[in-house]
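As given, the protein sequences belong to chains A and B, one line each in that order.
For the first sequence, counting from 1, position 259 maps to 264 in this note's numbering; every step adds exactly one.
For the second sequence, counting from 1, position 36 maps to 48 in this note's numbering; every step adds exactly one.
Any given hint might turn out to be false.
Stated by the list, open to error - If we take Cβ atoms under 7 Å as the criterion, some of the chain A residues that face chain B in the derived model are:
#1 Leu124
#2 Ser154
#3 Ile251
#4 Thr290
#5 Leu329
#6 Leu342
Claimed, not checked - In the DMTMM-like style, the derived pairs of lysine to aspartate or glutamate whose C-alpha atoms are separated by at most 20 Å in a straight line are:
#7 Lys500/B with Asp20/A
#8 Lys8/A with Asp491/B
#9 Lys500/B with Asp118/A
#10 Lys1093/B with Glu84/B
#11 Lys565/B with Glu74/A
#12 Lys500/B with Asp311/A
#13 Lys8/A with Glu492/B
#14 Lys92/B with Glu925/B
#15 Lys980/B with Glu22/A
#16 Lys499/B with Asp20/A
#17 Lys500/B with Asp116/A
#18 Lys108/A with Glu74/A
#19 Lys499/B with Glu74/A
#20 Lys8/A with Asp554/B
Unchecked claim - Where chain B lies over chain A, by a calculated footprint (3+ residues, C-beta under 8 Å):
#21 62-68
#22 228-242
#23 294-302
Calculated from the structure, these hints are not laboratory results.
Beta carbons: idealized from backbone N, C-alpha and C, even for Gly.
The lines below spell out each chain.
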Amino acid sequence: MTKAYLVLEDGSIFDGESFGATGETLGELVFATGMTGYQETITDPSYAGQIVLQTSPHIGIVGMNQRDEESKRIWVAGYVVKEPSRIASNWRAEATLDAELKKAGVIGISDLDTRAVTLRIRNRGAMRAGIFSGSEIDKEAMLLRVKSSAQMSGQFLSDVVSTDQVYRIPPQEGAVGRVAILDLGVKKSTLEHLSERGLEVIVFPANATAKQMLEHKPDGIFYSNGPGDPQASDAQVDVLRELLEIGVPFFGICFGNQLLGRALGFSTYKLAFGHRGINQPVLNTESGRVEVTAHNHGFAVKVDGDEATSPLGFGRVRVSHRGLNDGVVEGLECLDLPAFSVQYHPEAAAGPHDSHYLFDKFLGMIKEKRA
Amino acid sequence: MPKRKDIKSVLVIGSGPIVIGQACEFDYSGTQACRVLRSEGIRVILINSNPATIMTDPDFADATYVEPITPEVIESIIEKEKPDAILPTLGGQTALNAAMALYERGSLEKYGVELIGANVDAIRAGENRQEFKELVLKAGADVARSKIAHSIEDCLAIATDIGYPMVVRPSFTMGGLGSGFAYNEAELRRIAGAGLQASPTHEVLLEESILGWKEYELELMRDRNDNTVVVCSIENFDPVGVHTGDSITVAPALTLTDREYQNLRDIGIQIIRDVGVDTGGCNIQFAVEPDTGRVIVIEMNPRVSRSSALASKATGFPIAKIAAKLAIGYTLDEIPNDITGVTPASFEPTLDYVVVKAPRFAFEKFPAADPTLTTTMKSVGEAMAIGRTFTQALQKALRSLEKRGTSFHWDDTGESVAELLKAMKVPTEKRIVQVQQALRLGATPEEVFAVTKIDPWFIDQIALINEIAEWFRALPGLDEVSIRRAKKHGFSDLQLASLRKLTEEEFRSLRHSLGIRPIYKTVDTCAGEFPALTPYHYSSYDQETEVIPSDRKKVVILGSGPNRIGQGVEFDYSCVHAAFALRDAGYETIMINCNPETVSTDYDTSDRLYFEPLTLEDVLEVIHAESSSGELLGVLVQLGGQTALGLAEGLQAAGITILGTSPESIELAEERGQFQKILDAASLRAPANGTAINLDQARQIAERIGYPVLVRPSFVLGGRGMEIVYDEPSLVDYFTRIAEHALVDSKHPLLVDRFLDDAIEIDVDALFDGKMLYIGGVMEHIEEAGIHSGDSSCTLPPITLSDSQITRVVEATEKIARGLNVRGLLNVQFALASDVLYVLEANPRASRTVPFVSKALGIALAKAASLVMVGRTIQEIIDAGLLPTTDSAHLPANTPVSVKEAVLPFKRFATKEGRFVDSLLGPEMRSTGEVMGIDTNFPSSFAKSQAAAGSSLPLTGTVFISVADRDKPQIVLPVRRLAQLGYRILATAGTSKMLHRHGIDSETVAKYSQARGGRSIVEMITSGEVDVVVNTPSGADARSDGYEIRAATTAADKPIFTTVAQLSAAIGSFEIIREKKFSVKSLQEHAKFRIKNA
Ligand SMILES: Nc1ncnc2c1ncn2[C@@H]1O[C@H](COP(=O)(O)OP(=O)(O)O)[C@@H](O)[C@H]1O
Ligand SMILES: Nc1ncnc2c1ncn2[C@@H]1O[C@H](COP(=O)(O)OP(=O)(O)O)[C@@H](O)[C@H]1O
Ligand SMILES: [Mg+2]
Ligand SMILES: [Mg+2]
C-alpha cells in the first residue's frame, strides 16, 4: 500500500491509498454521481484537465472494454475512488481499470472519505486540487502547488482534445446526408448516433474555418461537447456565426450549446460545482415531458425568461429544455433559424436513452433542407 | 397535470394477514398511501382484516373497516361509503385479486367506482403469464420458453417439448406459492398438481429453466404524462433459482456495464408503458446470462411490492407515497423530493453507499420441512443494512438477522472443503456462510463459482473479508490503523475479539480507548449533490459525521428487527405509536431498526432514523453519537419484542438509562425461581413443575406432578422444542428427538410443567405506573391451553368468563405488576382449570396482542405506555384524554365483540418427499399473522374472523371426524348439529362407534394404516371427496395416522379443525356464514359505544 494525498485549494487534505499510477497531478476537482459507466466517464474528453471523484463507492467491477470507450484515451487529470475493484467481473471485460490507469499514467487515490470531499465541493464549489503519491512531500508544499495551478475559468482546452486532421466516417446505411462536425472533444457514441442514422460524418479540428467546412458541402453542422471555458473560444464562436448566417442546419451538444448561446449573443457563466451525473431531470418545455438525462457541465448559458430575441439579430430563441433541479438552461432552439442545441448529453454514454430523439430531430432538419 | 378534482373519496384495500410473501411491507405502503390521500383532503376508506397493522389505526383513515377482504364485504362497504375510486395497488396481491374479483362481479360498474393506480387491463397483462409473454417479446426482450397448462395431461405433453428441469408456476399467486422445479415426471405431477390448485384461475405455466443466471430487479414509476423513472436497481447475490424474497439482494446493481444496465432500463420502460401502468409503480425482474449477457424478463408486478419497500428504504425515494400521488393525478415533476426539499421526484436516485438485504428463515419451526431454497418463497422476514462498501453492508446485514450461525466466523467446524462445496450446490439459508468457510479453507473462487454461480465479484468480496480476518488475527499488535481497517469491512467487535482471543467487552474498550468510533452518513437520494433535510443515517468508519446536534430531550426507541414467527408487525406497531406519542409530547424521537418492511423505518416516522443492526455494539454507538450531540433521556426497550428487551441489561451495564420497567424486573419475570417467589408472595399458583438435567430426572418429575406434562429445553438452537407429553414412552421418544436441536445438561435443564388439561387460557394486557393498574384487555382463548397464545384464536371481551373470574384475573395481574415493579406494559397469560387460576407466564413488555386490543376497544395502549415510561402517571394520561376514564376490566354488555384468528403457513413447507408438514397446533408458535373479526356478537365476529383467515366452514358437504379419546365426549354435540345441518359424516372406527351409541349415523372409513387394499381416508381427502376434516391429536398417532390425514388435508386445501373448541365455535357461527352477508361497521363507528356508555 502506497500512501496518497488529495489536497484541495481550501487547504483540506485527505489521505488515502495510491491507485492507478503514482506521482503528482493537478486539476479542477469535480464529482460525478453516476452509478454505472465509469469507463465512459474517464474516456470522455470533456473531463480533460479535471480530477474526477466518483461518488459511487465501488468502481472497476466490470473492468474495461474497447466497445465502451468514448475516445481513444483516458482524459481525466486524476481519479478519486472510494473502493477500486480487485477483479474485473463481467463477460464484456477485456482489462482491469487499475491496469488501464497505470498504462495511461493516470494518478488516482482510493480509500478516503469520498462523501466528505463531495460535500466540501458542494458547499464551497469546484476547487483546484492535486493528488500526490509516491515520494513524500510536506503539506505546505503540496498546497502551494495546488494554489499555483491553473484555474478552469478562462481555459481553452479544445486544441488539446481535438483531432489534428480532418477525417471521415461513412454512413452506416443509405446515405441521407453529410454532417460537418467541429471536434471540440467529441465522443464516439455521438459519431455513432449520426452515422447510424445514415449521415456521412466529416470531423474537423477545433481550429477549422467555416470555409474549410463548407467546402465539403455539409447538409448540417454539429458542434460537439468538450472541456474548457466557453468564454475562451471566440474563434469557434465567430465560425458558428458565419454558418448561422448561411442557414445550414445546426445541432450542438454541451460545449456546442454554450458556443451557440454565445454566437446568438447570450453570455455564459460558471456554475458553483456543475452538473455531473446521469440522473438529472430536464423538462422539455415544448412537450411538457421530463427526460432523465446525462450531464457533464461546469458552465451554462444565461437567457432571461423562456424566450428571448438574439441580441445579434438571429431572431427569436426559445429555452427548449430546463433543468428541473435548479432551473438551469439546458437547451436552446432558434425559432427563425434551423439551429438548436442542448447543454446535456443526448448520446448518453453513460446514461439513460431518453433523449435520443434529438438526433432524429437533427436528421429531420437535414432531410427537410435537402428536400 | 395537477391533482384530479373528481376524486373526493378513495377506498384503499389492504393486504390482510401477514403471510409468507406478503408481510408488513404492505402496512408501510398502505400507511403512506392513507397519509398522502388524507393530506390531499381526500376522504379515505380503508379495508384490512389485519388488526396488527398501523394503517388500521383509526387515525389513518376516515372510515377503517377491519373486515374480511372478500368481494362481498368490499361491495357492501362500497354500497355504504360510495367511494369515487378504489386504490388496489398498495395492498399486494390480495388487493389486486380483490379488485379483479370486484370487476368480474360487475361491482365497479354497478356502483360507478373507478380503479386508480392500475387498471384492469394492466393487472391482467402483468399477472397473466401468456399475455405478459407476448408483451415482453413486443418490447424487444426475451422470455424463457414456456407453455400454459390447465391440466396434468397438458403438462406431460408440454414436458416432452420443453424438457426437464422445468419451472412450474401457477398464475395469480403471490410469493411463488405452488411453484417449483420439476426434474422428472413424478415431480411434475406433484408440483403441477399443487400449482393448478393454488392458482385461482387453475392454470400453470411450464417454463424452460434458467437456473444460475444473474437476477436483477428494477423498480419503475410512471405518471400520466408518460414520464418514467427507475427508482432503484437491485441485484440478487443468489442467482436465478432462488426466489428474490429468499435471496440476499444488493442495491444498486453492481456487476453491469452501463450499456447492459441501460438496456434493462429501456426494456423496463417499454414494458411499463405497454402493460399500461399509467399512474404508479411496478417491479420488473430480469435474468442475465453470465457469459453472453442474454436478457430474459422473468416477471413484472404492476403494484408496489416487497422490493419497492426495500427500494424506498434503500434510496430514500418513497415509492408508495408517490404512487398514491400519481394515482390521484399528480405528475412526477409536480411532486417534491421530501429529502432534498428543492428537487422534484422526476429524477433517478443515485447512491453513494451499498445496501444489502438478507432474508430471515424459520425452518427450525418446521423440522420436517425441506430447507432447500427454490422458486417458492419461504423466508418470514428480512433485514437490511447500509454501508459505504459491500463488505460493510453485507456483514451488518448478516448480524442484523439476530440468528446463530448467520454471521461469518473463523472457528474450525471440522467441515472439509469438499463437503462444503458439495453442500453449497444446493441453495439453503446456510449457503453464504458455507461459501465463506470454503474460501477460508482454501477453495478457489473458481470452484465456488462452478457450484453456486454466484457472481465472481461477490465471491471475491467474501474472500477479501477472509483475508482481512486472517491478517487481523496474525497482527503482532493492534493499533488504531489496523482496527479501523478491519472495522471498515463491517466486522463486529465480537468477530474481531474472537479473532484476537479477547472478550467483546475487552475489545470494545480497547477500540474506544483508541478513539475509534463509527461516524454517521446520510441517505439523501442524490449522493451529496443537494443538502438533505431528513436525518436518515447509517454508520460507517469514515472520517466525517453528518449527525447534527439538537437541544431537545431525546428518547431512543429500539425496534424489533427482522420479522420472524413470534415477532412481527405487532411490535412495529407499538414502536411507531411510541414515536408518535413522544413526538407529540415534545421529545425528539430516535428510532433504531433494521427491518426495511416496516413503518418504523420510514424516514418521517421519527425525528431521526438510524438504519442499524439491533446488536449491543451498534446500538451503543448510535446512543454515543446521539448523547454527544444533545441530551439523551433514555432508551425504550419494552416495545421491540425480545430483540429490544434482550439489550436492556447490556445497555444498563454501559450506564445508559432504561426507561420504564427496569432490567432487574425483566430478569425477575424470565428467571423461573425468582418469578415463583413473586407468585408465592402473592399467593398465586403456577402449574406444578420441576427442572430435569436428564431423562431419569424428567421421568421422576413427570411421575410426581403427573402426566400429561409440558416439556421445553431452557436452551434451544433455533426452535423452541416445546411439546406436550402424554406418557412415559413419549417422554423417552421426546428426548431422542430433541437431541440434535437442543442441549439438556446441568447448565441447560429441561423445564417440565404439569400440563393443564382442558383449561381456558386467558391473555391480559395491562398498564402499570407503580401505583395504578389499567387493564387494556382481558382476552379469552377459544382453544384450550396447550396451543400457543399466538396460534390460538381469542375473543375480547371474554364470552364464558364470569365477572368474578375476571375480577380474580385482574387482581392477579395487579399483584404481578406490583411484584415485578412494572413501569409500562405488562402481558400475563393465565390458565383457568376447574376454576383454579394458574399463571403461565408474565412478559413485562408490549405483547403481540397490544394492537388487537387497541383496535378492538379503541384505546391507544402503546401511546399511553410510552408516556408512562417517560414518567407520566396513568391518571395524568386519562386526564389528558388519551385513555378512556374506565379501564377495560369489566366491559359493558353492548361492547362490540372482537375475535382474533391466527393464520398459519403450513402450505409453504413441504418435506423432502414433497408432502406437507404437519398442521397440528401446539405450544410452540407457528403462525405468521392474524386477522380480526369485529361485530356486535361472538358468532358474527367469529364468522368474520374465519372468512378473513380463509378457513370458513363450507355450507354443505362431507365431514370427516377422527378425534383422540379424551375429546370423544365433547365431540358428540357438535357432530349432532352437523348431522342436523345435513352434512355427510365420515368417521374412523372408534369415533364412529361412539357416535353410533349417541344415535348419530356415520360412515366408517379405514385409517391410512388400516386400509388393507381398500381406500383409506387419506385417499378420499386427496381425491377431494371430503370437505371438512376434524382431527384432534392423541399422543402417539400425532405422528402417524393423524399426520397422514392432516398433510393430505393441507394438500387438498380443505379446512381442518384440530381442536373441538374451534369446531364448536365454527358451528355456532354457521347461520351467519350461511347468510354470507356480513353487516359492516367501521372502527370509528364501533368506537362510539364508549361515548354512549360514558
Ligand atoms: N425459468 C426459470 N428458471 C429458473 N428459475 C426461475 C425461472 N423463472 C423464475 N425463476 C426463479 O423463481 C423466482 C420466482 O419467480 P417469480 O416469477 O418472480 O415469481 P413470484 O411471482 O413469486 O415473484 C425468481 O425470483 C427466480 O429466481
Ligand atoms: N402448564 C401448562 N398447561 C397447559 N398449557 C400450557 C402450559 N404452559 C404453557 N402452556 C401453553 O403453551 C403456550 C406457550 O407457553 P408460554 O410460556 O406462553 O411460551 P411463550 O414464551 O412462547 O409465550 C401457552 O400459550 C399455553 O397455551
Ligand atoms: Mg418475483
Ligand atoms: Mg406466552
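Status of the hints after comparison with the structure:
{"no.": "1", "hint": "Leu124", "result": "5 Å, holds"}
{"no.": "2", "hint": "Ser154", "result": "24 Å, violated"}
{"no.": "3", "hint": "Ile251", "result": "37 Å, violated"}
{"no.": "4", "hint": "Thr290", "result": "12 Å, violated"}
{"no.": "5", "hint": "Leu329", "result": "5 Å, holds"}
{"no.": "6", "hint": "Leu342", "result": "29 Å, violated"}
{"no.": "7", "hint": "Lys500/B with Asp20/A", "result": "15 Å, holds"}
{"no.": "8", "hint": "Lys8/A with Asp491/B", "result": "18 Å, holds"}
{"no.": "9", "hint": "Lys500/B with Asp118/A", "result": "11 Å, holds"}
{"no.": "10", "hint": "Lys1093/B with Glu84/B", "result": "14 Å, holds"}
{"no.": "11", "hint": "Lys565/B with Glu74/A", "result": "55 Å, violated"}
{"no.": "12", "hint": "Lys500/B with Asp311/A", "result": "49 Å, violated"}
{"no.": "13", "hint": "Lys8/A with Glu492/B", "result": "16 Å, holds"}
{"no.": "14", "hint": "Lys92/B with Glu925/B", "result": "50 Å, violated"}
{"no.": "15", "hint": "Lys980/B with Glu22/A", "result": "78 Å, violated"}
{"no.": "16", "hint": "Lys499/B with Asp20/A", "result": "18 Å, holds"}
{"no.": "17", "hint": "Lys500/B with Asp116/A", "result": "10 Å, holds"}
{"no.": "18", "hint": "Lys108/A with Glu74/A", "result": "15 Å, holds"}
{"no.": "19", "hint": "Lys499/B with Glu74/A", "result": "36 Å, violated"}
{"no.": "20", "hint": "Lys8/A with Asp554/B", "result": "17 Å, holds"}
{"no.": "21", "hint": "62-68", "result": "holds (count 4)"}
{"no.": "22", "hint": "228-242", "result": "violated (count 0)"}
{"no.": "23", "hint": "294-302", "result": "holds (count 3)"}
Comparing the model with each numbered hint stated earlier shows that hints 2, 3, 4, 6, 11, 12, 14, 15, 19, 22 do not hold.
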